[in-house]
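> Single-letter residue listing:
Protein chains: 2
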Amino acid sequence: MQFDIAMTDELLATTRAVRKRLDLDRAVPRDVILECLELAVQAPTGSNTQGWRWLVIDDAAQRAALATLYRKAASIYLNQANDAAQARGDRQTERVYDSAMWLMDNLEKVPVHLIPCIEGRPPANAPAAMLAGLYGSIFPAVWSFQLALRARGLGSALTTLHLVHEQEAAALLGLPDNILQVALLPVAYTRGTDFKRAARPPVSNITHWNRW
Amino acid sequence: MQFDIAMTDELLATTRAVRKRLDLDRAVPRDVILECLELAVQAPTGSNTQGWRWLVIDDAAQRAALATLYRKAASIYLNQANDAAQARGDRQTERVYDSAMWLMDNLEKVPVHLIPCIEGRPPANAPAAMLAGLYGSIFPAVWSFQLALRARGLGSALTTLHLVHEQEAAALLGLPDNILQVALLPVAYTRGTDFKRAARPPVSNITHWNRW
Chain F
708 MQFDIAMTDE LLATTRAVRK RLDLDRAVPR DVILECLELA VQAPTGSNTQ
758 GWRWLVIDDA AQRAALATLY RKAASIYLNQ ANDAAQARGD RQTERVYDSA
808 MWLMDNLEKV PVHLIPCIEG RPPANAPAAM LAGLYGSIFP AVWSFQLALR
858 ARGLGSALTT LHLVHEQEAA ALLGLPDNIL QVALLPVAYT RGTDFKRAAR
908 PPVSNITHWN RW
Chain H
708 MQFDIAMTDE LLATTRAVRK RLDLDRAVPR DVILECLELA VQAPTGSNTQ
758 GWRWLVIDDA AQRAALATLY RKAASIYLNQ ANDAAQARGD RQTERVYDSA
808 MWLMDNLEKV PVHLIPCIEG RPPANAPAAM LAGLYGSIFP AVWSFQLALR
858 ARGLGSALTT LHLVHEQEAA ALLGLPDNIL QVALLPVAYT RGTDFKRAAR
908 PPVSNITHWN RW
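From first to last, the protein sequence lines are chains F and H.
Adding 707 to a residue's 1-based position in the first sequence gives its number in the numbering used here.
Adding 707 to a residue's 1-based position in the second sequence gives its number in the numbering used here.
Just to be clear, a hint being listed does not mean it is correct.
As the list makes no split between identical chains, a pair holds if one copy fits it or if it spans any two.
What the hints assert, rightly or not - Straight-line C-alpha distance at most 20 Å; calculated SDA-like pairs for lysine to any residue:
#1 LYS903 <-> ILE712
#2 LYS903 <-> ASP711
#3 LYS779 <-> MET837
#4 LYS816 <-> ASN912
#5 LYS779 <-> ALA767
#6 LYS727 <-> GLN749
#7 LYS903 <-> GLN709
#8 LYS816 <-> ARG918
#9 LYS903 <-> ASP732
#10 LYS779 <-> GLN769
#11 LYS727 <-> THR775
#12 LYS816 <-> ILE886
#13 LYS779 <-> ARG798
#14 LYS903 <-> GLU742
#15 LYS903 <-> ASP812
#16 LYS779 <-> SER754
#17 LYS727 <-> TRP916
#18 LYS779 <-> PRO834
#19 LYS816 <-> ASN917
#20 LYS727 <-> TRP809
#21 LYS727 <-> SER806
#22 LYS779 <-> GLN799
#23 LYS779 <-> GLY796
#24 LYS903 <-> ARG828
#25 LYS727 <-> ASN755
#26 LYS727 <-> LYS903
Since the hints were derived computationally from the structure, they do not count as laboratory data.
Generate the whole structure from the sequences, applying the supplied hints.
Have a look at this one:
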C-alpha cells in the first residue's frame, strides 16, 4: 500500500489528549475497543514478549471506584501543579491542567476506562535497560490504541495518577501480583473530530547531531 | 479530515521492527529525520512537560562506537535468549532473534541511529506512577516517529540493549547527567515496503472486562 502521507501525518499530529471533549452521553460498543486493541497488539515488543494485558472497565461501579482513587491522587497533585504553571505564565500547560481537573471531576462518567498492563513487575532499583525494555514494550501499543481510536472518532488521554494508589487499584481489579498497570485511559467518542496540531517549539531546538 | 480507516489501520498494523530489510546503501537526508521528529513531538506528554530530547547520529565513527557498545551487551544476551526460544520451539521469536543478531553484526552500517532521551532521571526506587509518567511521556513520541518513517518508506527498530552500558554511551555522546536515554533506533530506508501484519493470538485471550 502507498500511504497518503498527508493523511497519516494528520493522524499522528492531531491525536491529542482528549478530556473535555469526551462525549459522556454516547455509549462505546465493546467491539470498537476490541478492534482498536487488535491494532494495538501489532506493535513490536522487546524480545517479542507480547506481555500486554488489557483491563477494560465499562461497569459503572468499577468506574466510580477507580475515579475515587484517581481523585485521591489528583486533587493534591493537580492543584499544586496548576499553581506552578500559573506562576510561570505557561498558558498551554494551564489549559492542560484545567482539562485534567475537569477529568478528575468527571472520570466516572466516561463510558470506558482502559488500564493497559504488562506482565512482569520490575524489581526495586531495576536498571535503565530493563525499565526501558519493559515500558517500551507497552507504550507503543497504548499509543497505537489511541491512534486507532482517533481514526474512528473516539478520543482518550493517557493518565498515570491512579498509580499513586496502584495496590488499591490492583485489589479492586483482582490483578495478580506479576501484572503491572501502566496507565488509565478514559475512552469515549469525541464531540466533533476537528482536532488541531499543538503549538510546539521547532524540533531543531531539541535535536542534537552526533553529540549533545 | 475524514480518515481512511483502511489506510490508518494498515499503518498501525504493518509498522514492524525492521532490521534485515534496512537498506544500508541508501543515505537518509537529515530533513526526513527532522520531518518525522516534528510529528513525534505532537504526541502528548505527562503534565505537558515535553521533556524529549533527540540525539541523531549519522557520523560513521560515532555509529561504530555505539555499535561496539551495543555488541558488548547484545552478544551475551541474544545468544542465551535465542537458545531459550529454540528450546521452547517458538519460531516467531527465533526469527526475531535471528534478525536481532543480524542487527548486532551490522549496526554501524545503518545510516542513522536515533537515541530518544527524556529530561529528568528517576531516582532509585522510583514509584510506579513516576516511571509510567516518565516513560509514557517519551515512548508514544518514539512510536509516532517510527510510524512517520513507515509512511515515508523508511524503517526502524526500537532497541534497548546499549543501555546496559548507558554511562559509556552518555560519555560518548556528551550527555548531561539529567538526560535519560531510553532507546537506540537504527533508521534507514527499507528494501521494499510490503510489510505484513504479524500473527498474534486473539486479543480476547488477553483482555479482561471489569475484573481480571
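> Hint by hint, say whether it matches the structure.
Verification of the supplied hints:
{"no.": "1", "hint": "LYS903 <-> ILE712", "in the structure": "both (17 Å within a copy, 19 Å between copies)"}
{"no.": "2", "hint": "LYS903 <-> ASP711", "in the structure": "both (19 Å within a copy, 18 Å between copies)"}
{"no.": "3", "hint": "LYS779 <-> MET837", "in the structure": "between (30 Å within a copy, 16 Å between copies)"}
{"no.": "4", "hint": "LYS816 <-> ASN912", "in the structure": "neither (40 Å within a copy, 27 Å between copies)"}
{"no.": "5", "hint": "LYS779 <-> ALA767", "in the structure": "within (18 Å within a copy, 52 Å between copies)"}
{"no.": "6", "hint": "LYS727 <-> GLN749", "in the structure": "between (30 Å within a copy, 19 Å between copies)"}
{"no.": "7", "hint": "LYS903 <-> GLN709", "in the structure": "between (25 Å within a copy, 13 Å between copies)"}
{"no.": "8", "hint": "LYS816 <-> ARG918", "in the structure": "between (48 Å within a copy, 19 Å between copies)"}
{"no.": "9", "hint": "LYS903 <-> ASP732", "in the structure": "neither (23 Å within a copy, 38 Å between copies)"}
{"no.": "10", "hint": "LYS779 <-> GLN769", "in the structure": "within (16 Å within a copy, 48 Å between copies)"}
{"no.": "11", "hint": "LYS727 <-> THR775", "in the structure": "within (19 Å within a copy, 49 Å between copies)"}
{"no.": "12", "hint": "LYS816 <-> ILE886", "in the structure": "neither (26 Å within a copy, 38 Å between copies)"}
{"no.": "13", "hint": "LYS779 <-> ARG798", "in the structure": "neither (25 Å within a copy, 46 Å between copies)"}
{"no.": "14", "hint": "LYS903 <-> GLU742", "in the structure": "between (25 Å within a copy, 18 Å between copies)"}
{"no.": "15", "hint": "LYS903 <-> ASP812", "in the structure": "neither (25 Å within a copy, 43 Å between copies)"}
{"no.": "16", "hint": "LYS779 <-> SER754", "in the structure": "between (37 Å within a copy, 17 Å between copies)"}
{"no.": "17", "hint": "LYS727 <-> TRP916", "in the structure": "neither (39 Å within a copy, 25 Å between copies)"}
{"no.": "18", "hint": "LYS779 <-> PRO834", "in the structure": "between (30 Å within a copy, 17 Å between copies)"}
{"no.": "19", "hint": "LYS816 <-> ASN917", "in the structure": "between (48 Å within a copy, 15 Å between copies)"}
{"no.": "20", "hint": "LYS727 <-> TRP809", "in the structure": "within (7 Å within a copy, 48 Å between copies)"}
{"no.": "21", "hint": "LYS727 <-> SER806", "in the structure": "within (6 Å within a copy, 44 Å between copies)"}
{"no.": "22", "hint": "LYS779 <-> GLN799", "in the structure": "neither (25 Å within a copy, 44 Å between copies)"}
{"no.": "23", "hint": "LYS779 <-> GLY796", "in the structure": "neither (27 Å within a copy, 47 Å between copies)"}
{"no.": "24", "hint": "LYS903 <-> ARG828", "in the structure": "neither (37 Å within a copy, 31 Å between copies)"}
{"no.": "25", "hint": "LYS727 <-> ASN755", "in the structure": "between (37 Å within a copy, 16 Å between copies)"}
{"no.": "26", "hint": "LYS727 <-> LYS903", "in the structure": "within (15 Å within a copy, 37 Å between copies)"}
Hints 4, 9, 12, 13, 15, 17, 22, 23 and 24 from the earlier list are contradicted by this structure; the remaining hints agree with it.
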